[in-house]
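Visitor: Sequence:
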Amino acid sequence: MKTMQPGFTLIELIVVIVILGILAATALPKFMGIQSGARAAVISGARGAVASAMNIAYTTQTSQGIASDVGITLDGISIAMVGGYPQAWPAASYLSGIYGAAGLSADYSIVGGVAAGLGGSTSITVANATDANTCAFSYTAATATLPARVGAPIVSGC
Numbered sequence: 006m007k008t009m010q011p012g013f014t015l016i017e018l019i020v021v022i023v024i025l026g027i028l029a030a031t032a033l034p035k036f037m038g039i040q041s042g043a044r045a046a047v048i049s050g051a052r053g054a055v056a057s058a059m060n061i062a063y064t065t066q067t068s069q070g071i072a073s074d075v076g077i078t079l080d081g082i083s084i085a086m087v088g089g090y091p092q093a094w095p096a097a098s099y100l101s102g103i104y105g106a107a108g109l110s111a112d113y114s115i116v117g118g119v120a121a122g123l124g125g126s127t128s129i130t131v132a133n134a135t136d137a138n139t140c141a142f143s144y145t146a147a148t149a150t151l152p153a154r155v156g157a158p159i160v161s162g163c
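According to this note's numbering, the residues represented by the sequence shown are 6 to 163, in order.
Mixed in with the good hints there might be a few duds.
Unchecked claim - Restraint ranges, calculated between C-beta atoms of paired labels, are given here:
1) Val116 - Ala149: 21 to 29 Å
2) Ile27 - Thr139: 14 to 22 Å
3) Pro11 - Thr139: 28 to 36 Å
4) Ile82 - Ser161: 31 to 39 Å
5) Ile27 - Pro152: 51 to 59 Å
Calculated directly from the structure, the hints in this document are not laboratory data.
Glycine included, every Cβ here is placed at the ideal spot set by N, Cα and C.
Could you put together the complete structure from these sequences and hints?
Guide: Dropping the structure here:
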């Protein structure tokens with residue numbers, strides 16, 4: 006009487022491994038594309054938060070009749086102002102400028118800022134980007150003649 010031993014043959018195991026390898030090779034590039042798209046969406050969302058915070062700070066200061074270079078408090082955070090808008094990189098801490106006004110988390114970093122002065126300008130980048138310089142947007146504080154500006158997001162390196 007012949008007894009059958011349960012299990013898979015070597016050929017069946019090799020076929021399964023080859024199929025899994027092919028699936029992994031086709032799925033990995035799609036997964037990387039999803040991460041890049043997600044980081045691009047995150048930087049666009051942060052840009053929207055900064056633009057909203059900039060306008061809220063301006064409106065708050067204007068509606069309260071406060072001088073344009075006097076700081077305000079938004080959600081319990083003291084915001085340094087210049088020309089009626091949040092500073093880009095205040096002398097006290099970057100958290101007291103546009104970064105704090107927008108409520109950005111540790112998922113973002115602020116780089117290339119001009120410290121103190123009249124508020125300067127800075128770039129806000131998203132963490133874990135392939136190239137931080139090409140997954141960012143800029144914020145430029147107000148000057149005597151120009152209001153604050155938020156640059157278009159650069160997402161080519163996300």
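Visitor: For every hint, state whether the structure bears it out.
Guide: Each hint tested on the structure:
no., hint, in the structure
1, Val116 - Ala149: 21 to 29 Å, "26 Å, holds"
2, Ile27 - Thr139: 14 to 22 Å, "32 Å, violated"
3, Pro11 - Thr139: 28 to 36 Å, "56 Å, violated"
4, Ile82 - Ser161: 31 to 39 Å, "32 Å, holds"
5, Ile27 - Pro152: 51 to 59 Å, "55 Å, holds"
Violated hints, in rising order: 2, 3; the structure is consistent with all others.
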